[in-house]
Amino acid sequence: MEFSLRGFIKGFKAGIPIAIGVASYGLVFGILSRQAGLDLLPSLCMSAFVFAGASQFVALDMWVTPLPVAAIITTTFVVNIRHFLMGAVLTGRFKGMTRFQKYLSLFFLVDETWAYSLSQWKKGNTNAALLAGSGFCLFLAWSLSTVLGNIIGSGPVDPAKWGMDFAFTAIFIFLAVGLWQGRRDILPWLIAAIVAVIVSKAFPGKWYILAGSLSGSIAGALAHDK
Amino acid sequence: MTNNIDVYLTILGMAVVTYLTRISGFYISNRISDLRPGLARTLGYIPGTIIVSIIAPQILSGGSPGLIAAAVCLAASLVFKNLIAVMVTGVVTISLLRHFIFI
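These protein sequences, in sequence, are chains A and B. Heads up, the first sequence is in my numbering, so the first residue is 1 and it goes up one at a time. Heads up, the second sequence is in my numbering, so the first residue is 1 and it goes up one at a time.
It is worth saying that the hints were derived from the structure and are not from the lab. A hint or two may mislead.
Under 8 Å between C-beta atoms, here's a sample of chain B residues computed to sit facing chain A [to be verified]:
#1 14
#2 22
#3 24
#4 43
#5 50
#6 56
#7 79
#8 86
#9 91
#10 101
Predicted, not measured: the structure shown is a model, and the values here were computed from it. Where is the CB? At the ideal position from N, CA and C, for every residue including glycine.
Work out the full structure, taking the sequences as your base and the hints as a guide.
Below, the structure written as structure tokens:
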């Protein structure tokens, strides 16, 4: 595999149509981050340094005073743990790159850039910079739209009055539909829902998210083994 | 107002653990030939079950309007395939339900 500017630019251009969709999410994230009490700078920092949409929405949903620092960080880790599998797939593709090129590229690893780059490499493209190029394009879209949304969101609105408190639920329902893989998800999702509801009633804080997800996922894997 | 140090500490922590998830799979599979299939399957279910665990208590705590609006969002997600359209549908639905039906 080579790592060249040409590959980076090709990746960047391929990322533009995806970036339009990403920017719409970023705009929503920016608005809701302001509603959650995040000022412009921390909101931008989160998008620029974390750069993982679903986990950022989850963090906003947990953003209360006093801030549950440990719970948010732990939950972020679990939400993003899928990157582990995606990164493992890249090992064979990154041979011959410098350490800097590898670890820079991995920062730009998100669902869409990973899927795009893999499809290109499977077709015979040998440029490893596609991932970093498409990722950088989405990174710009995500960060800039967060800034714009945060500014728009600073207008005086009462979230509960306008049903904005339901915006998160709507976003998560939309994300869940996109993650549905078919009938094999029924059992893990059902168990996750039941455990989450029980734990949310029995324990304070947001740990029910981890409890529900881990029990549902393990149940799903065990059911498969039978 | 939330303590500023906590805000940046949380964001820094999120950034570090997220980057770790991005590099760890790559780093580890350089050393181990194959991931244990049970673990791989468990990880595969994590994204969906996380989202379900977030929304299940939220929807139930919203009572009847919450359940109805959630069902409408589900239908809207299947029809529109667009985040903003679904969000607007959900917010409008819950507002209408709260103002006119479940007062």
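Cross-check of the supplied hints:
The criterion of a C-beta within 8 Å of any C-beta in chain A is met by residue 14 of chain B, whose closest approach is roughly 4 Å, and the hint holds. Evaluation of the residue 22 of chain B hint against chain A yields a held restraint, the C-beta minimum of about 5 Å falling below 8 Å. Of the supplied interface hints, the one on residue 24 of chain B holds, with its beta-carbon coming within about 6 Å of a beta-carbon of chain A, less than 8 Å. For residue 43 of chain B, the interface hint holds, the least distance from its beta-carbon to any beta-carbon of chain A being 6 Å, beneath 8 Å.
A hinted interface residue such as residue 50 of chain B counts as satisfied when its beta carbon comes closer than 8 Å to some beta carbon of chain A; here the least separation is about 4 Å, so the hint holds. With its C-beta approaching chain A no nearer than about 4 Å, residue 56 of chain B sits inside the 8 Å limit, and its interface hint holds. For residue 79 of chain B, the suggested interface contact is broken, since its CB lies about 10 Å from the closest CB of chain A, more than 8 Å. The interface hint given for residue 86 of chain B holds, since its Cβ lies 4 Å from the closest Cβ of chain A, which is under the 8 Å cut-off.
The criterion of a C-beta within 8 Å of any C-beta in chain A is met by residue 91 of chain B, whose closest approach is roughly 4 Å, and the hint holds. Interface hint status for residue 101 of chain B: violated, as the beta-carbon distance to the closest one in chain A is roughly 13 Å, over 8 Å.
Comparing the model with each earlier hint shows violations of hints 7, 10; every other hint is respected.
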